[in-house]
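Input sequences plus hints: build the corresponding full structure.
Residue numbers (numbering that gives the first Met the number 0), protein chains in the order written: chain U, 0 to 346; chain A, 0 to 311.
Note that these hints are calculated values from the structure, not bench results.
Because the structure is a prediction, the values reported are computed rather than measured.
Yeah, the Cβ is synthetic: ideal placement off N, Cα and C, and Gly gets one too.
Some hints could be false.
What the hints assert, rightly or not - Each computed DSS-like pair below joins lysine-lysine, with the alpha-carbon atoms no more than 27 angstroms apart: (1) A/K28 - A/K18; (2) A/K28 - U/K129; (3) U/K129 - A/K200; (4) A/K200 - A/K8; (5) A/K10 - A/K200; (6) U/K122 - A/K200; (7) U/K241 - U/K122; (8) A/K8 - A/K28; (9) A/K7 - A/K21.
What the hints assert, rightly or not - Computed footprint of chain A on chain U, listed as stretches where at least three residues anywhere in the stretch have a Cβ under 8 angstroms from a Cβ of chain A: (10) 23 to 37; (11) 308 to 320.
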Amino acid sequence: MGLRAYIVRRTLLVIPTLIGVTLLVFAVVQVLTPEQRAALYVTSEKEARDIEEIIEKYRLRDPVYIQYFHWMEQILRGNLGYNMKSPRGPVLDIILRRAPASAELCMFAAPIIVILGIYLGVKSAVHRDKLIDHVTRTTSIIGWSLPSFWLGILLLAIFYAGFGLFPPGRLRPDLQYFVFSPASGWNSYTGLYTIDGLLNGRPDITFDALKHLVLPVMSLTIQIIAMLVRIMRSSMLESLSKGYIVTARAKGLSQSEVINKHARRNALIPVITLSGMLIAGLVTGVVITETIFNYPGLGQFAAHAALPPPSMPAVLGFALFTGVIFILANLIVDIVYAYIDPRIRLG
Amino acid sequence: MGISSRLKKFKTEIGPTVKEMKFMITRMKKSPLSMVGVAMLLFFVAVALLAPVLAPVPEGQTDPYRVPREGYLAEPKPPSEKHPFGTTPWQFDLYYGVIWGTRTAFRIGLIVVLSALAIGLSIGTIAGYYGGVIDELMMRFTDIIWAFPNLILCMALVSVLGPTLDSIILALTIVGWPTYARVIRGEILKVREEDYVEAAKAVGCSDFRVIFKHVLPNSIYSILIMASLDIGAIVLTAAALMFLGLGPPSGYADWGQMISFSRGWIYASPSNPWGYWWTWTIPGVFIFIFVLAWNLLGDAVRDIFDPTLRRR
Chain U
0 MGLRAYIVRR TLLVIPTLIG VTLLVFAVVQ VLTPEQRAAL YVTSEKEARD
50 IEEIIEKYRL RDPVYIQYFH WMEQILRGNL GYNMKSPRGP VLDIILRRAP
100 ASAELCMFAA PIIVILGIYL GVKSAVHRDK LIDHVTRTTS IIGWSLPSFW
150 LGILLLAIFY AGFGLFPPGR LRPDLQYFVF SPASGWNSYT GLYTIDGLLN
200 GRPDITFDAL KHLVLPVMSL TIQIIAMLVR IMRSSMLESL SKGYIVTARA
250 KGLSQSEVIN KHARRNALIP VITLSGMLIA GLVTGVVITE TIFNYPGLGQ
300 FAAHAALPPP SMPAVLGFAL FTGVIFILAN LIVDIVYAYI DPRIRLG
Chain A
0 MGISSRLKKF KTEIGPTVKE MKFMITRMKK SPLSMVGVAM LLFFVAVALL
50 APVLAPVPEG QTDPYRVPRE GYLAEPKPPS EKHPFGTTPW QFDLYYGVIW
100 GTRTAFRIGL IVVLSALAIG LSIGTIAGYY GGVIDELMMR FTDIIWAFPN
150 LILCMALVSV LGPTLDSIIL ALTIVGWPTY ARVIRGEILK VREEDYVEAA
200 KAVGCSDFRV IFKHVLPNSI YSILIMASLD IGAIVLTAAA LMFLGLGPPS
250 GYADWGQMIS FSRGWIYASP SNPWGYWWTW TIPGVFIFIF VLAWNLLGDA
300 VRDIFDPTLR RR
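Structure representation (structure tokens):
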């Protein structure tokens, strides 16, 4: 089976999982009464006033499978319901409006995690049982055990409260006002303030956005880096004990060639399969980090919506959205994995 | 059969298990970090067991998990004789909260692991042993559960089920069992093809007997250990949910909630920025050490059980 056939087959396998995800969310919804479920279909405040009409229209008292098709139809049309909590509005609009903020956070966090995690893991394995190995291992087990919600608070206490550096939020209030006011002439090209600042010729906004990103990115990355270091270290140790390393050394290759070209490349293969776990860590971390740092992204929106009394359309819409993102991310991981390791697509 | 021959039989049967245990304990003694983990865990077990002595329930209070409070003042009070760890914002006694919070942690961890194991083991065993439709259904259901990050799915479940401790436990169980089911299924697929299982079937053992006498005893240990080491991660997720405000109403003895109280009190005043330090350090240290203990222990045990690293 060639790579192309593998990609097609793997992509087709996504469809039943996606349907399954909607079935699960729909099953969860069934715990609620028809009156509560009606909120999932409302598209405006006006509609929300006549719940009976909604129940009638979407046949919420009919058998479950009929309801499922009506619900799916709405989902496919992009109607995830209406959020009655602040920020008010159709759930999909809010999700799309807030996604860039979270994307910006992940855009900085992901490369830091990958580079530091792999670098430290390799270093630790190569210098096994030396000082650097002990330091890395101890730090990583501590970092791994730090609850992200407590780490965020500690960072705020040390840097913001203690030294007056790195305030919470996404931009300084006056700059935030400038960005939001329609008269300012601010063009939102990407929704990422660090990039838009440069494109709009306002490097001060880029700089301020970066300042606000330091602590959230730290709080988001430390735990995941610690996890990656541990995985990378053990994978590298295994790779270093293989026969092909002995061969490479016997051929007289230099230490750096043996490690970078022979050992590390092979050690990365099992790590890629675990990147789904890292992505899950990132998504989970976003919810907690944004809540602590008052960072107006998707995670903060979801956490606020889930507070009792919850806004069901927002909570379930967010779950559905992350489910889809997560499935697609895992699809990409699998394809990359097959591309790198021919044994997967041929086996 | 006489007593002595029975004893002998028992000894030969239990022999390998005892040997394995002894091997494990010697290996663990060699790794100082894992012993630190064990010591920390024993400390928490002691705190949980002695909670009624360490922090007596006030007279006239029926629910020990409700943290006593003194008034409704927002500003937290520093540690004093009456409140050894000070009070949280809105005057809950922090000492009482973290001591009984230890019990909450163990309660959540144990109930979730036991129920997820019970469900996972039964469904995984049936799926692995019989295969077919049940197997296919279980695998697909697991795929769906795994399509969500744990915390996100728990958030959705808890907000539908209502903000109580029971919903948190239920949500964590729903999210947790498929992993165990998959592992036990894989183990059973391996064992099923062994000669002794074939032999047992040939002699005419019922499926029930084959499963309980021949298959499970040979595949259950690794999963029991794996599951018990999950307690740290489960307590962490539960604390995160409570931190996000999805748990029982304020005043429940739980670490996550105690930390969430402190959120507005990280910064005290320009002259003394850390003026309310006890509100955000003390409950945080408790949960951090608890999770660290499980991770230290888990690290050592995983090394011991890794067949590629063994007995060299």
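Output the indices of the hints that this structure fails to meet, ascending.
3, 6 and 8
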